[in-house]
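Trainee: As a plain string of letters, each chain reads:
6 protein chains.
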Amino acid sequence: MTQKAERQVYLNGQWVNESAAKVSISDRGFTAGDGVYEAIRTFRHKPFRLDDHLERLCNSLRVARIDPRLSMEQMKAIVLEAIERNRPLFDADDDFKIYPTITRGLSMKAGSPATVIFAPRSISWGEFGRHYATGAHIVTTSVRKQPPECYDAKVKSTSRFHHTLADIEAALVDPEAYCLMLGMDGNVAENRSSNICIVRKGRIETPSPMHCLRGITTEVVFELASKLGIPAVEKDIQMYDVINADEVFLTATSFCALPVTRANGQTICGGKAPGPVTQRILDAFSDLAGVDVVEQATRRAARAKEKVLANAA
Amino acid sequence: MTQKAERQVYLNGQWVNESAAKVSISDRGFTAGDGVYEAIRTFRHKPFRLDDHLERLCNSLRVARIDPRLSMEQMKAIVLEAIERNRPLFDADDDFKIYPTITRGLSMKAGSPATVIFAPRSISWGEFGRHYATGAHIVTTSVRKQPPECYDAKVKSTSRFHHTLADIEAALVDPEAYCLMLGMDGNVAENRSSNICIVRKGRIETPSPMHCLRGITTEVVFELASKLGIPAVEKDIQMYDVINADEVFLTATSFCALPVTRANGQTICGGKAPGPVTQRILDAFSDLAGVDVVEQATRRAARAKEKVLANAA
Amino acid sequence: MTQKAERQVYLNGQWVNESAAKVSISDRGFTAGDGVYEAIRTFRHKPFRLDDHLERLCNSLRVARIDPRLSMEQMKAIVLEAIERNRPLFDADDDFKIYPTITRGLSMKAGSPATVIFAPRSISWGEFGRHYATGAHIVTTSVRKQPPECYDAKVKSTSRFHHTLADIEAALVDPEAYCLMLGMDGNVAENRSSNICIVRKGRIETPSPMHCLRGITTEVVFELASKLGIPAVEKDIQMYDVINADEVFLTATSFCALPVTRANGQTICGGKAPGPVTQRILDAFSDLAGVDVVEQATRRAARAKEKVLANAA
Amino acid sequence: MTQKAERQVYLNGQWVNESAAKVSISDRGFTAGDGVYEAIRTFRHKPFRLDDHLERLCNSLRVARIDPRLSMEQMKAIVLEAIERNRPLFDADDDFKIYPTITRGLSMKAGSPATVIFAPRSISWGEFGRHYATGAHIVTTSVRKQPPECYDAKVKSTSRFHHTLADIEAALVDPEAYCLMLGMDGNVAENRSSNICIVRKGRIETPSPMHCLRGITTEVVFELASKLGIPAVEKDIQMYDVINADEVFLTATSFCALPVTRANGQTICGGKAPGPVTQRILDAFSDLAGVDVVEQATRRAARAKEKVLANAA
Amino acid sequence: MTQKAERQVYLNGQWVNESAAKVSISDRGFTAGDGVYEAIRTFRHKPFRLDDHLERLCNSLRVARIDPRLSMEQMKAIVLEAIERNRPLFDADDDFKIYPTITRGLSMKAGSPATVIFAPRSISWGEFGRHYATGAHIVTTSVRKQPPECYDAKVKSTSRFHHTLADIEAALVDPEAYCLMLGMDGNVAENRSSNICIVRKGRIETPSPMHCLRGITTEVVFELASKLGIPAVEKDIQMYDVINADEVFLTATSFCALPVTRANGQTICGGKAPGPVTQRILDAFSDLAGVDVVEQATRRAARAKEKVLANAA
Amino acid sequence: MTQKAERQVYLNGQWVNESAAKVSISDRGFTAGDGVYEAIRTFRHKPFRLDDHLERLCNSLRVARIDPRLSMEQMKAIVLEAIERNRPLFDADDDFKIYPTITRGLSMKAGSPATVIFAPRSISWGEFGRHYATGAHIVTTSVRKQPPECYDAKVKSTSRFHHTLADIEAALVDPEAYCLMLGMDGNVAENRSSNICIVRKGRIETPSPMHCLRGITTEVVFELASKLGIPAVEKDIQMYDVINADEVFLTATSFCALPVTRANGQTICGGKAPGPVTQRILDAFSDLAGVDVVEQATRRAARAKEKVLANAA
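So the sequences go chain by chain: A, B, C, D, E and F.
Sequential numbering from 1283 applies to the first sequence in my numbering.
Sequential numbering from 1283 applies to the second sequence in my numbering.
Sequential numbering from 1283 applies to the third sequence in my numbering.
Sequential numbering from 1283 applies to the fourth sequence in my numbering.
Sequential numbering from 1283 applies to the fifth sequence in my numbering.
Sequential numbering from 1283 applies to the sixth sequence in my numbering.
A hint or two may mislead.
Where chains are identical, the list cannot tell them apart; a pair therefore holds if satisfied intra-copy or between any two copies.
Unchecked claim - Pairs of lysine-lysine residues, derived as DSBU-like cross-links and limited to a Cα-Cα distance of at most 30 Å, are as follows: (1) K1391 / K1304; (2) K1379 / K1483; (3) K1589 / K1391; (4) K1304 / K1379; (5) K1587 / K1328; (6) K1483 / K1509; (7) K1517 / K1483; (8) K1358 / K1304; (9) K1509 / K1379; (10) K1391 / K1587; (11) K1554 / K1358; (12) K1358 / K1391; (13) K1358 / K1483; (14) K1554 / K1391; (15) K1517 / K1554; (16) K1483 / K1328.
Calculated from the structure, these hints are not laboratory results.
Pulled out of the complex, with its shape left as it was, chain A reads as follows (with noise of 0.2 Å):
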């Protein structure tokens, strides 16, 4: 890869490199949190569910009352350039993720102008891709879920202090594991960046979304399961039921559905990954998207740890 070869950002109305993409250290997105963001991946190098993901973005922007001075189809339209722009640097079968940022920018003074990105990301495969054959872990936090009362979790917020504290905490008992915090209420809520699913007695639930993320793929999961005659419930969840489910999943832009066998250093749904519902639902999942997810993350994973590896030596 040449040097010029540098990812492209969409920053406040121009492109510019990835290396070059900085705000200023007086942008309220840097001092105060302000701000909301998405994350958008590609199937094919196409994005996957735009629209809603954009939906989403301007229903956290409308309660955060900032005005991105953008239309939906603008928006739209500065994604797929993004694609565009960066799928050079992403292998033919790699697939990669297109981050909007918007923050009040500069102050909260009315008609002050958001600060507006859309970065690319890289998938983590090396972080989850082997999950799916063994299954990821989960580790219950002592850190809770912001109440909606300060603000809800259904806006994708940049104030995600608590997300890292409790990610920290994970590691402490289990450093291949993902967080999982409870909502002020003591239900189970969510991972820092995933929903979680439960199996049981052949029916998916997910919790209520009082202090969770209203997670796209988690409906995705939701029409799937409805498609393939398995019933599936937003519900109060509580520890219980994830330890004694049949089958547990995680789902998140990146991995679709991504099987659970531990929990709290426990093995959990019989150690076995995925469970058949989980299967099921990744099957559908790879039609839906036109690519065989599961197989998709292993191999990419397989070749980030040979990079690694390569990197090592």
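Got chain A; can you put chains B, C, D, E and F on it based on the hints?
Mentor: What follows is chains B, C, D, E and F alone, placed relative to chain A:
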């Protein structure tokens, strides 16, 4: 003022012009509100309670598990240098603030360096200077402070999205008002950047710090009260107490002790500013600081207004 | 209207002129908010859902442990008589409400008779009639609904001090606004005298009744939705959902379904009133009631405005 | 007593016979528990702590945003006149109470006059007089005090529906018992019309006033304790503390300090009434009041019993 | 009955006489409530829903992290053997229960063996048999169920101290009553050993299992309801709903579905037992169990009463 | 040691060998965690604070409504006898504990006798002795202490299932760590069998006892602090305070005051054990106890280690 007289910012070991002080859009301070900060003000261009502020910064860093790779002494030296470098840009009778901001940097990985910033900021005299004579306004918001299980309000974190929401909500009632957030337990917590004190039957009361920053200015007020023989306690306070207090004042680095005369659109404290206890605290504060804090703020606010008018003309 | 045409009130077995309808200052309804009530409206001078309202009244009485010493049939007869006695005082194209109010009377002692009142009240067309076209406004208050451990919001109790506080607080933001209280759990509860419904992806959602009255009008809306094939569910709703809903409407005896277009000073639902689902519900409601509810409210509101202007002249 | 010797009530500027003291069924005090009140008792036909009661009334009015259109001095004069007008109706060795009650009147509209009542009431000696010797009983209810986010318990509001429910629930366990409500946080709050104090290791403790009225009698007890060298503190108290206290007593305008010997059907405090600290408080109270409060209550209770027996004969 | 006909208990691999079935005072089941259990009843001396009970036992063990060192199959065999060994001690028309109890044993150390007990118990017909005809009584207690953050109510743990406190408290109101605990969120939870179901408008409702055991009998009731075409849902229920339900019944292994006619000293459900839906459930339950459950309980209760009277004579 | 030298346990009026000290599997202490207990340690084979421990036992019994049928004096005599009977089994320089445990016995029925046990236990020197020099570790768990509405943490109940869960969870992070539970309000509560104290600016702070046992050792620490002129207060403490304290120590009967240097895998208190205030407390404690508590623990821990090694050899 000539063009080169730009403010100087310490950024990761370098002194740079303020306009050049930028961070990567991948900095975790920007993507995840994953940083902590402080605000140190000067009196007569000397830092006030510098040790206390740096100690609190270290406390925040410890909870955040961010390693600044700077000793307390090094940070102290940087603050002093920041003052020296920037004081030529401020009038002799003006004062200013230094904001240390330390984020986790570009990665959560252990060993990845933090982003370290020490930046000067003006004191917003124009916003509060007139309130010493007329009394500031406060509005209780439906937005609440986050509970300690999420992340402790005593950590001066940059994840402050809800502070902005509270500010906007308060402004709907009264554009001049400071927001007043309650904690999740329904007790009075704090403003976005100041603590609240009430005076009831000759005693100063401030909320227990479960849902608020342990304000250094508040601690100064308690020390002064102790010297003046005014009892002062931390306790749970409800809005009833604020509305029916003999005196109410806000404490912050910028304004020391700012009298309040209006809450939720209703005149409180008989509408008089400052009350006798507040006045004694302000007098003692001025003695301690070596600056007549009310006189300075009033004068600088008038100056700021003149400038605004001059610019508008 | 001649002088003798005064409204007639049933008061402890007697029909008295409204101006003579008084209770002792020792009545527990006055000293302790120790009573329950209902509001039954007419359509074309016929009571609407009378049985439902009286059943809910009996439910309230049961929880309150107040014995009205009247059977359901007797109460029904009184309502019908109240309508007959008072309808000459209302225009043929107008409608009105009958308020049963039953308090514990003068003493808590067992056997002490309740105070029983059935009184007519005008519908406040002037307040809401114009909102069908422009949309009503709502404001989330810091005041919350009381939790069921205090007294259940499903009991239509006269202890409504906080409802008044919420109304006043909402008016600080927007004098036209209806307050919207949250429950103690942070979920959306209700307005002082109406329920809230939102429409999201074609489905009507209304808060689970932990912190709100089980609205009879809301039940009618659910029945109509069922007939129209519109899905409708009770679930926990947060302010995020209201702000980002496709449509929002309030339900109450007076206004059936009143579209909302503004929340906390912010335009919601695209600012359009009523939305398509709300419109279908309103149409079906009009069919059921035998009155074009929007047309009636709009006309009566115009009439009320004329009167006000005439009086002012 | 001749027929015309009826009690006199101040009602909106008029002195009227008690039997004629009535309010409209549209008064918001009746329709919405939208009022506040006080209870001022006499000792030897002189008001006790009149200024404190009126100050608390003003505090309640301020939170309620009700304007009584009376100055503090005017209210004071009315109380004194109420005592003068009514004292001929009470025995020389008896005492009584004056209840100011101020509601929002007929309308929430700004400028609409409040309803203002000052009414005499007998002290219910018959209910509590015997408890000084035997100890009163308390029962913890499942009914809780409302949290400050609804309306602050420190406001003496007439919206007291749950107090009645708590009273009825307590009577199910023990018809003699006073209810004892917990706050929403699980701490001991208060009885429907009295505060609770416990004595532990020589120290008087009373609940922090988050969920209870700031009792004026309790404040008197604290003053007396201070004079007697008995430590006294406000703090969070749980039922464990009540059950295991050395002494427990209730404080109220009527009964000063009433010893408690039974909680939830269980003997507490060794079954002895009053305990030594309570006795010292009662003695000091009698000195302050100029009346042997226990002797008076005991004598008047006996008199009341005689009357009941005479009536029954 | 001869002396040797003593009940047989499985205790750590041995079958011992009930009177000899003892555990060390150092067993963690005794020192720390550190165990879990189940209750399996027979119908016609055959276990009912044995697999479900053992699966729930395994779920409890998994959360408790106790290893019973027995497979599901082994536990099943022990239950069957326990029935065979003990059934000669019960009348042919009687039934009984087997209680598996598994504690952590003598030590928390990994590898330390659990204490494993399978013991027979009589069904307490005498306590509940008469309630099918007259209705059981319930009393809401101030004692609450523990929240899932402490330990999940779905784990059938032996740490049930508060259940006893609740029972005692309920008996203060009504010696016949079953306690009804609320969860920490104020919703109806459960009795010490049974779930509650209400019938409202033809639908069976039972509390969401955040604060209660997921009752196997309740699940049977839901299955029967499904077969009978009766809608049945899990949802948050408040005491208002219980007091105003059309029918209320308790579900437990012993009594299947026991009608309730009294709550907190107040007649509910019109005082009729059982209501029509409850009757249909009971009939279907009898069909399923192969025993007329009401007839059996009534007959055995009468037999028990005879014995008590005979013993008293 | 010969075979007959077995420890002696008081069991329902009998002195029995420890190995014979057993309870029925029907004992409510075993089936329902329905008991209370204490732990009294000796210094030089004399009981320490015996009266305080027995008084707290009586407080627990009162809340539990268990009647031990023993007077305070009788219990005292049994403890003394237990010490005398068992001290020959302990080295002269060793010490031990006596555990009174009293359960409700075989039945909840009034009049059914309690199970009363007084048993000796070794002090687990091997577990904590080395921590005086190196500092103990603590880990905040997601498991919480139960709230007082369930059963008060001040009652030393045997229903301690969650304590075990917390211990296991803490060990996942750090096998050496003591768990630290939060209360339901998010404040720091306690370890499974010790209280926590922090030192901040020269003042000792310990959590208010809403969610923790009122530790007798903590009370001794407060008495010693008072004598030493060290301020000491009960107040709400959050994890921030623990992480940023100058010193942290645990208090328990066994270890008096045990310094802590690690929290959640992070070095706290500068990693030094014990800190200066802790040292002063330990010195004063040793004076009071007549034993150098650190020296004894260190020596006995070394002895224990030798034994383990000898056994392993």
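Trainee: Each hint needs a verdict: does it hold in this structure or not?
Mentor: Hints, verified against the model:
1. Taking the shortest Cα distances, K1391 and K1304 sit within 30 Å of each other both inside one copy (22 Å) and across copies (21 Å).
2. In the homo-oligomer, the alpha carbons of K1379 and K1483 lie at most 30 Å apart only across protomers (27 Å), although the nearest pairing inside one protomer, at 35 Å, exceeds that limit.
3. For the identical chains of this complex, K1589 and K1391 are inter-copy neighbours only, at 18 Å across copies versus 48 Å inside a copy, given an alpha-carbon limit of 30 Å.
4. When the C-alpha separation of K1304 and K1379 is checked against a cutoff of 30 Å, the pair qualifies both within a copy, at 19 Å, and between copies, at 24 Å.
5. Proximity of K1587 and K1328 under a CA criterion of 30 Å is satisfied intra-copy only: 25 Å inside one chain copy versus 54 Å between copies.
6. In the homo-oligomer, the alpha carbons of K1483 and K1509 lie at most 30 Å apart both inside one protomer (18 Å) and across protomers (18 Å), since each shortest distance falls under that limit.
7. For the homomeric pair K1517 and K1483, the shortest alpha-carbon distances inside one copy (15 Å) and between copies (19 Å) are both at most 30 Å.
8. For the homomeric pair K1358 and K1304, the shortest alpha-carbon distances inside one copy (22 Å) and between copies (28 Å) are both at most 30 Å.
9. Taking the closest pair of Cα atoms, K1509 and K1379 come within 30 Å of each other only inside a single copy of the chain (27 Å); across copies the shortest separation is 44 Å, beyond that limit.
10. In this homomeric assembly, K1391 and K1587 come within 30 Å of each other (Cα to Cα) only across copies, at 17 Å, whereas the closest approach inside a single copy is 48 Å.
11. When the C-alpha separation of K1554 and K1358 is checked against a cutoff of 30 Å, the pair qualifies only between copies, where the shortest distance is 25 Å, while the shortest distance within a copy is 40 Å.
12. In this assembly of identical chains, K1358 and K1391 lie within 30 Å of each other by CA distance solely inside one copy; the values are 27 Å within and 33 Å between copies.
13. Within a single copy, K1358 and K1483 get their C-alpha atoms only as close as 40 Å, which misses the 30 Å cut-off; across copies the closest is 21 Å, which meets it.
14. Only between protomers do K1554 and K1391 lie at most 30 Å apart by alpha-carbon distance; the minimum there is 27 Å, versus 54 Å within a single protomer.
15. With identical chains, the CA atoms of K1517 and K1554 are at most 30 Å apart within one copy only, with a shortest distance of 25 Å there and 32 Å across copies.
16. In the homo-oligomer, the alpha carbons of K1483 and K1328 lie at most 30 Å apart only across protomers (25 Å), although the nearest pairing inside one protomer, at 36 Å, exceeds that limit.
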